[in-house]
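Single-letter residue listing:
Number of protein chains: 4
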Amino acid sequence: MKPRNAGCRAAVGCSAIIMEKIPPPLPGSLAGVMLAHMSADATAPDPALLALREAMRGFAAERDWDQFHSPKNLAAALSVEAAELLEHFQWLTEDASRALPAEARARVAEEMADVLLYLVRLADKLDVDLAAAAVAKIAHNARKYPVEKSRGSSRKYTEL
Amino acid sequence: MKPRNAGCRAAVGCSAIIMEKIPPPLPGSLAGVMLAHMSADATAPDPALLALREAMRGFAAERDWDQFHSPKNLAAALSVEAAELLEHFQWLTEDASRALPAEARARVAEEMADVLLYLVRLADKLDVDLAAAAVAKIAHNARKYPVEKSRGSSRKYTEL
Amino acid sequence: MKPRNAGCRAAVGCSAIIMEKIPPPLPGSLAGVMLAHMSADATAPDPALLALREAMRGFAAERDWDQFHSPKNLAAALSVEAAELLEHFQWLTEDASRALPAEARARVAEEMADVLLYLVRLADKLDVDLAAAAVAKIAHNARKYPVEKSRGSSRKYTEL
Amino acid sequence: MKPRNAGCRAAVGCSAIIMEKIPPPLPGSLAGVMLAHMSADATAPDPALLALREAMRGFAAERDWDQFHSPKNLAAALSVEAAELLEHFQWLTEDASRALPAEARARVAEEMADVLLYLVRLADKLDVDLAAAAVAKIAHNARKYPVEKSRGSSRKYTEL
Chain A
1 MKPRNAGCRA
11 AVGCSAIIME
21 KIPPPLPGSL
31 AGVMLAHMSA
41 DATAPDPALL
51 ALREAMRGFA
61 AERDWDQFHS
71 PKNLAAALSV
81 EAAELLEHFQ
91 WLTEDASRAL
101 PAEARARVAE
111 EMADVLLYLV
121 RLADKLDVDL
131 AAAAVAKIAH
141 NARKYPVEKS
151 RGSSRKYTEL
Chain B
1 MKPRNAGCRA
11 AVGCSAIIME
21 KIPPPLPGSL
31 AGVMLAHMSA
41 DATAPDPALL
51 ALREAMRGFA
61 AERDWDQFHS
71 PKNLAAALSV
81 EAAELLEHFQ
91 WLTEDASRAL
101 PAEARARVAE
111 EMADVLLYLV
121 RLADKLDVDL
131 AAAAVAKIAH
141 NARKYPVEKS
151 RGSSRKYTEL
Chain C
1 MKPRNAGCRA
11 AVGCSAIIME
21 KIPPPLPGSL
31 AGVMLAHMSA
41 DATAPDPALL
51 ALREAMRGFA
61 AERDWDQFHS
71 PKNLAAALSV
81 EAAELLEHFQ
91 WLTEDASRAL
101 PAEARARVAE
111 EMADVLLYLV
121 RLADKLDVDL
131 AAAAVAKIAH
141 NARKYPVEKS
151 RGSSRKYTEL
Chain D
1 MKPRNAGCRA
11 AVGCSAIIME
21 KIPPPLPGSL
31 AGVMLAHMSA
41 DATAPDPALL
51 ALREAMRGFA
61 AERDWDQFHS
71 PKNLAAALSV
81 EAAELLEHFQ
91 WLTEDASRAL
101 PAEARARVAE
111 EMADVLLYLV
121 RLADKLDVDL
131 AAAAVAKIAH
141 NARKYPVEKS
151 RGSSRKYTEL
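Just so you know, the sequences run in chain order A, B, C and D.
Heads up: the first sequence at position 42 corresponds to 42 in the numbering used here, and the numbers run straight through without jumps.
Heads up: the second sequence at position 29 corresponds to 29 in the numbering used here, and the numbers run straight through without jumps.
Heads up: the third sequence at position 81 corresponds to 81 in the numbering used here, and the numbers run straight through without jumps.
Heads up: the fourth sequence at position 46 corresponds to 46 in the numbering used here, and the numbers run straight through without jumps.
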């Protein structure tokens with residue numbers, strides 16, 4: 001089978017391909033703002049995600065942990081870390097969650113890091129381009145939640 | 001109050017600061033591999049995460065959704081998306097999870113994108129540098145799970 | 001406002017009402033088996049769930065914790081406990097999960113207890129009859145997953 | 001191997017055993033309230049949980065689903081259902097979560113039922129007595145959160 005994204009096996013660093021499929025956005029629109037930020041380097045690998053992927057590969061290899069890192073297990077571990085993140089907020093009011101003390105924020109940042117690390121690891125195992133998938137998902141969400149219908153409403157798209 | 005990481009307000013793009021606190025790694029070690037990948041651009045913003053942050057800001061602003069995006073709510077939403085990701089794997093064997101059909105993988109990639117988008121949004125709201133937090137967490141995990149003690153074992157660090 | 005289930009405010013102990021709405025099942029069928037077990041006491045309160053509800057009420061009242069126990073917060077806490085339960089299994093093979101050592105099983109039982117306690121507490125706050133809701137859901141699932149279509153398959157009902 | 005709780009294989013219906021280990025509570029205390037509710041039937045099986053267990057057994061057997069119901073998979077499925085429950089609350093204020101419209105409450109009750117059903121199924125597979133585990137956990141929590149230290153505070157026991 002021809003590889004997905006032939007010529008772009010970097011998994012977390014190739015946003016250019018997906019960009020080709022999207023018609024040029026109106027200036028000032030959401031997609032326009034986004035592309036303005038992406039354009040300078042849309043064809044370059046994303047250094048942070050790429051570095052994390054390599055670091056996680058090395059980390060697992062050194063410990064012989066690939067045997068545990070099936071996508072199923074990684075998805076479970078990611079979900080567990082997301083809940084550990086949520087645990088910090090479960091009894092807080094929304095206002096209190098907007099004003100975390102420095103120490104709490106540091107621990108929250110650690111849980112967020114854990115989520116990102118498992119996400120990068122899962123993307124590596126499934127050969128998913130995370131950044132490209134996120135860009136495509138924002139475009140998808142923009143269609144699911146048209147501005148005029150969803151403004152100021154938290155309803156699910158199925159109920160708009 | 002003096003901003004955290006003065007001079008580095010990019011929130012998702014400043015890995016340089018945290019790097020200063022870590023002693024130089026041995027060449028060939030995990031941290032060495034990681035830094036080799038980071039070094040070229042450790043002081044530059046990460047284009048993909050930065051673009052996603054801006055896109056999410058625009059997306060929420062257009063829909064007047066900032067009112068819903070308290071850190072508490074975003075943490076809950078992230079956790080829900082992580083579970084939707086897990087749902088795809090819950091009845092699969094580990095082997096089946098390693099060999100997803102193309103269609104299933106595409107849907108899994110969408111759920112992964114949702115997790116990343118909420119993570120980026122939460123990082124923005126809390127002014128957390130995601131990439132730097134992840135780099136710091138890998139270093140922290142390397143200390144919690146020394147190679148010689150954790151090789152081939154899935155035990156938690158508290159039980160090594 | 002007239003209470004839901006007038007005459008049945010026990011919240012976790014009134015299965016009789018929902019039973020009236022369900023046509024009598026064929027003997028030997030799933031619903032038949034279920035009703036055979038329920039029939040002796042379908043009109044009586046369920047002592048265990050009732051006792052847990054009362055214990056949780058007392059526990060929260062003594063600590064002035066009602067202020068934290070909004071349904072939103074309880075749903076988050078329940079989700080966090082469910083993830084703590086999952087954490088015990090995340091790196092195990094399915095076979096290993098079927099053969100937990102006694103100590104691991106004891107810790108798993110504690111996490112299961114936490115899930116049940118928050119579930120009972122949430123049911124109390126929302127005035128939901130847990131046992132009746134579960135009976136109704138099994139009947140609903142039996143219609144969503146007809147035996148002949150779902151035998152030996154883990155596919156979601158939307159894909160049968 | 002001698003069965004755990006010899007003479008009490010009902011898995012979800014034997015609260016008597018654990019009760020023997022707990023010293024008699026002061027009248028009017030939490031444990032006193034709890035035992036007053038339990039005492040009439042602490043030695044009898046809990047009809048609702050027992051009926052649900054039997055119904056789930058039949059449901060799975062008819063569909064040949066035991067092959068999918070490893071404890072690992074059931075823990076994942078339970079966690080996914082808990083997140084679906086949380087999804088209903090993620091964008092609501094706490095006050096709104098206390099005043100759900102009837103339709104929303106009905107859907108919430110369905111998700112709660114799903115959580116309970118997987119919990120009962122997992123308890124069956126692991127031979128855990130859910131009601132007894134919950135009673136023991138409340139007693140444990142009462143020790144972890146002494147009234148005088150935890151009154152009006154949502155802090156974790158590790159920070160009291």
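Just so you know, the hints here were simulated from the structure itself, not pulled from any lab data.
Be a bit skeptical, because a hint or two may be false.
[What the hints assert, rightly or not] List time: in silico DSSO-like cross-link candidates among lysine-lysine, alpha-carbon distance up to 30 angstroms: (1) K149(A) with K149(C); (2) K125(A) with K144(B); (3) K125(C) with K144(A); (4) K156(D) with K156(B); (5) K149(D) with K125(C); (6) K144(D) with K156(D).
We went through each hint and held it up to the structure:
This hinted pair does not check out: K149(A) and K149(C) have alpha carbons roughly 39 angstroms apart, beyond 30 angstroms. Taken as a hint, the K125(A) and K144(B) pair is honoured in the structure, with Cα atoms around 24 angstroms apart against an allowance of 30 angstroms. A distance of roughly 34 angstroms separates the Cα atoms of K125(C) and K144(A); the hinted pair therefore is violated under the 30 angstroms criterion. Distance check on the hinted pair: K156(D) and K156(B) sit about 21 angstroms apart at the alpha-carbon level, within 30 angstroms; holds.
The straight-line distance between the Cα atoms of K149(D) and K125(C) is roughly 25 angstroms, inside the 30 angstroms bound, and the hint therefore holds. Using a Cα cut-off of 30 angstroms, the hinted pair K144(D) and K156(D) holds, with the two alpha carbons roughly 9 angstroms apart.
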